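*Asks:* Protein chains in written order, with the working numbering: chain A, 1 to 269; chain B, 1 to 269.
Just so you know, not all the hints are guaranteed correct.
Unchecked claim - Once the Cα atoms are required to be at most 27 Å apart in a straight line, the calculated DSSO-like pairs of lysine-lysine come out as:
1. A/K204 <-> B/K265
2. A/K14 <-> A/K62
3. B/K159 <-> B/K109
4. A/K92 <-> A/K159
5. B/K188 <-> B/K109
6. B/K159 <-> B/K62
7. A/K265 <-> B/K265
8. A/K92 <-> B/K92
9. B/K188 <-> B/K212
10. A/K188 <-> A/K265
11. A/K92 <-> B/K159
12. A/K159 <-> B/K92
13. A/K159 <-> A/K109
14. B/K188 <-> B/K265
15. A/K62 <-> A/K159
16. A/K159 <-> A/K14
17. A/K92 <-> A/K14
18. B/K265 <-> B/K212
19. A/K265 <-> A/K212
20. B/K212 <-> A/K204
21. A/K212 <-> A/K188
22. A/K92 <-> A/K62
23. B/K204 <-> B/K188
24. A/K204 <-> A/K188
25. A/K265 <-> B/K204
26. B/K204 <-> B/K265
27. B/K204 <-> A/K204
28. A/K212 <-> B/K204
29. B/K14 <-> B/K159
30. A/K159 <-> B/K159
Please keep in mind that the hints were generated in silico from the structure rather than gathered at the bench.
Source: prediction; values computed, not measured.
Number of protein chains: 2
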Amino acid sequence: MPELITSRQNEIIKRAARLSSAADFRREQGLFLVEGARLCRDAAQSGVCIRTLFYTAQASEKYTEYLGEIQRTAQEIYIVEPHVAALLSDTKTPQGVFCVCQMRAGSDKLENIEPGFHYLALENIQDPANLGAVLRTAEALGIGGVILGGSCCDVYSPKVLRASMGAVFRLPFYLQADLVSAIGLFNKRGFVTLAAVPDSAAQKITSVDFQKPTVLFVGNEGNGLTAAVIAACSGSVTIPMLGRAESLNASASAAILMWEMMREKSGGA
Amino acid sequence: MPELITSRQNEIIKRAARLSSAADFRREQGLFLVEGARLCRDAAQSGVCIRTLFYTAQASEKYTEYLGEIQRTAQEIYIVEPHVAALLSDTKTPQGVFCVCQMRAGSDKLENIEPGFHYLALENIQDPANLGAVLRTAEALGIGGVILGGSCCDVYSPKVLRASMGAVFRLPFYLQADLVSAIGLFNKRGFVTLAAVPDSAAQKITSVDFQKPTVLFVGNEGNGLTAAVIAACSGSVTIPMLGRAESLNASASAAILMWEMMREKSGGA
Numbered sequence: 001m002p003e004l005i006t007s008r009q010n011e012i013i014k015r016a017a018r019l020s021s022a023a024d025f026r027r028e029q030g031l032f033l034v035e036g037a038r039l040c041r042d043a044a045q046s047g048v049c050i051r052t053l054f055y056t057a058q059a060s061e062k063y064t065e066y067l068g069e070i071q072r073t074a075q076e077i078y079i080v081e082p083h084v085a086a087l088l089s090d091t092k093t094p095q096g097v098f099c100v101c102q103m104r105a106g107s108d109k110l111e112n113i114e115p116g117f118h119y120l121a122l123e124n125i126q127d128p129a130n131l132g133a134v135l136r137t138a139e140a141l142g143i144g145g146v147i148l149g150g151s152c153c154d155v156y157s158p159k160v161l162r163a164s165m166g167a168v169f170r171l172p173f174y175l176q177a178d179l180v181s182a183i184g185l186f187n188k189r190g191f192v193t194l195a196a197v198p199d200s201a202a203q204k205i206t207s208v209d210f211q212k213p214t215v216l217f218v219g220n221e222g223n224g225l226t227a228a229v230i231a232a233c234s235g236s237v238t239i240p241m242l243g244r245a246e247s248l249n250a251s252a253s254a255a256i257l258m259w260e261m262m263r264e265k266s267g268g269a
Numbered sequence: 001m002p003e004l005i006t007s008r009q010n011e012i013i014k015r016a017a018r019l020s021s022a023a024d025f026r027r028e029q030g031l032f033l034v035e036g037a038r039l040c041r042d043a044a045q046s047g048v049c050i051r052t053l054f055y056t057a058q059a060s061e062k063y064t065e066y067l068g069e070i071q072r073t074a075q076e077i078y079i080v081e082p083h084v085a086a087l088l089s090d091t092k093t094p095q096g097v098f099c100v101c102q103m104r105a106g107s108d109k110l111e112n113i114e115p116g117f118h119y120l121a122l123e124n125i126q127d128p129a130n131l132g133a134v135l136r137t138a139e140a141l142g143i144g145g146v147i148l149g150g151s152c153c154d155v156y157s158p159k160v161l162r163a164s165m166g167a168v169f170r171l172p173f174y175l176q177a178d179l180v181s182a183i184g185l186f187n188k189r190g191f192v193t194l195a196a197v198p199d200s201a202a203q204k205i206t207s208v209d210f211q212k213p214t215v216l217f218v219g220n221e222g223n224g225l226t227a228a229v230i231a232a233c234s235g236s237v238t239i240p241m242l243g244r245a246e247s248l249n250a251s252a253s254a255a256i257l258m259w260e261m262m263r264e265k266s267g268g269a
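Chain A with its partners taken away, still in its complex shape (with noise of 0.2 Å):
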């Protein structure tokens, strides 16, 4: 029978609150806590390593298939009180289960990125559930994983690891503060690097040939890329649209980008 926390002292419980809260304390201890039942099973099936699963009682009942699947993998497990697990949760409504995982090594150095794919560069995306739809959009389509240019929020935080649905327990990402010598890199390593802007001028995406590996750049919502990322590109990409294309938001677009990408690839006519 698991030990169980009655305290919301209790430093295990301090600790992992504060992996929810504080991106640098992430960083710093290369871990990160996820929320809810389905979430917790997923990052157990993607092979995440589990250091701690904390779930209360009533969780246990409600979650039990969950549950078994993840305290297989998990190293160690805890029961928590309720008032215990609200201390962790992010959310109106928690489910009670939560688990302290390990960040993937070595998959935040851009030296690593593998050839022969196409991926998405993001530079200085802030909302996270625009992050997370974006990971689940690249994960579904077939990129080969997604660079993190700027200051982009956490990829670990918890609400992009909710919109993400378990995209970043999959899918490569990679952390690159400056993207502009990113580019250097990924032209020496024959990648074709596009930004993606809107400018009716600039080529359309239906009319790239995505034979070679490529890596396209989207800015954020409000400012789209900096200008800096623009001149460093190979070239420059839109989309064309017949009606209000200032309406069309981040999320969108990126998919839309991706998809024209991968069209090919996957099988389009």
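Here the structure of chain A is known, so what remains is to put chain B in place on it, guided by the hints.
*Replies:* Coordinates of chain B only, in the frame set by chain A:
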């Protein structure tokens, strides 16, 4: 100087609050409530008939420019105290600007649909954020309009209005509980009717000839389209995907499907 409303018991306020919370009251009155300086300004700019404008003294200082545009078309104007504004608000941090607006007359009758355009038909979309996002993308891509079939959530709900970024004010839409009988009407009028399905045996969306006016049917996130709708359509289409197809969410898949439908019209190669 507009009249000041200081009481939450004021009948005008109670009625406006009910327009925000109750879809049946909205339908009965033919009115809806819009919240936020920018969204209310969008309504005014889009030619929506604004019956009543409410704003707080704080808002009049912060959103002077937006309010100026709204005031020019509003039929009645009231200043409200912050605790009264809170009653009208659907958000955590209200801006203190609200409009009671009139629904467009006749736009909900399928008989009024304009020929020669491509349309999107949604069945049983339950999530307001998803519905708003889809309407927003439809407007950006120049879709002729959206048919809301089965039991979709109300387009005039505060969450849909907000997520649509005002597309509800401009995009034609049609309410049609019985989609199967609507398909009969579309077929008679010369539209191609296509059901989007997650079935790799269906025709690839990339190989569809969209020369003829088409209505594309998209189901809800959990269950997809009903069997009756799929059977009634003239064909079924699917998005070919290399990755984890189950990861594509409703608004991203609707974006890709609409994009493919409009791709050639938009000048795609």
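*Asks:* For each hint, tell me whether it holds in the structure or not.
*Replies:* Hint check results:
For the suggested pair A/K204 and B/K265, the alpha carbons sit about 13 Å apart, so the restraint of at most 27 Å is met. A distance of roughly 25 Å separates the Cα atoms of A/K14 and A/K62; the hinted pair therefore holds under the 27 Å criterion. The hinted pair formed by B/K159 and B/K109 meets the criterion: a straight-line CA distance of about 23 Å does not exceed 27 Å. The straight-line distance between the Cα atoms of A/K92 and A/K159 is roughly 13 Å, inside the 27 Å bound, and the hint therefore holds.
Between B/K188 and B/K109, the direct Cα distance comes to roughly 16 Å. Compliance with the 27 Å bound is thereby established for this hinted pair. Of the supplied pair hints, the one linking B/K159 and B/K62 holds, its CA atoms being roughly 23 Å apart against a limit of 27 Å. Only pairs whose Cα atoms come within 27 Å are accepted, and A/K265 paired with B/K265 is accepted, the gap being roughly 23 Å. Restraint check: the Cα-Cα separation between A/K92 and B/K92 comes to about 14 Å, which is no more than 27 Å; the hinted pair holds.
For the hint pairing B/K188 with B/K212, the CA-to-CA distance comes to about 13 Å; that is within 27 Å, so the pair holds. Using a Cα cut-off of 27 Å, the hinted pair A/K188 and A/K265 holds, with the two alpha carbons roughly 24 Å apart. About 18 Å separates the Cα atoms of A/K92 and B/K159, which keeps this hinted pair within 27 Å; it holds. Of the pairs offered as hints, the one joining A/K159 and B/K92 holds, with about 18 Å between alpha carbons and a cut-off of 27 Å not exceeded.
The suggested pairing of A/K159 with A/K109 holds, with an alpha-carbon distance near 23 Å, which does not exceed 27 Å. For a cut-off of 27 Å, the pair hint linking B/K188 to B/K265 stands: about 24 Å separates their Cα positions. For the hint pairing A/K62 with A/K159, the CA-to-CA distance comes to about 23 Å; that is within 27 Å, so the pair holds. The hinted pair formed by A/K159 and A/K14 meets the criterion: a straight-line CA distance of about 20 Å does not exceed 27 Å.
Under the criterion of a C-alpha separation no larger than 27 Å, the hint pairing A/K92 with A/K14 is consistent with the structure, at around 19 Å. Between the alpha carbons of B/K265 and B/K212 the distance comes to roughly 11 Å, so the proposed pair stays at or under 27 Å and holds. Restraint check for A/K265 and A/K212: the C-alpha separation of about 11 Å stays at or below 27 Å, so the hint holds. With a CA separation close to 24 Å, the supplied pair B/K212 and A/K204 stays within the 27 Å bound.
The hinted pair formed by A/K212 and A/K188 meets the criterion: a straight-line CA distance of about 13 Å does not exceed 27 Å. With a C-alpha separation of about 18 Å, the suggested pair A/K92 and A/K62 falls inside the 27 Å cut-off, and the hint holds. Between B/K204 and B/K188 the CA atoms are separated by roughly 25 Å; this keeps the pair inside 27 Å, and the hint holds. The straight-line distance between the Cα atoms of A/K204 and A/K188 is roughly 25 Å, inside the 27 Å bound, and the hint therefore holds.
With a C-alpha separation of about 13 Å, the suggested pair A/K265 and B/K204 falls inside the 27 Å cut-off, and the hint holds. For the given pair, B/K204 sits about 18 Å from B/K265 by alpha-carbon distance, which is consistent with the 27 Å threshold. Straight-line distance between C-alpha atoms of B/K204 and A/K204 comes to about 22 Å, which keeps the hinted pair within the 27 Å bound. Pair hint A/K212 plus B/K204 holds up; C-alpha atoms about 24 Å apart against a cutoff of 27 Å.
At roughly 20 Å between alpha-carbon atoms, B/K14 and B/K159 fall within 27 Å of each other, so this suggested pair holds. Pair hint A/K159 plus B/K159 holds up; C-alpha atoms about 19 Å apart against a cutoff of 27 Å.
Going down the numbered hints, you'll see the structure goes against none, and every one checks out.
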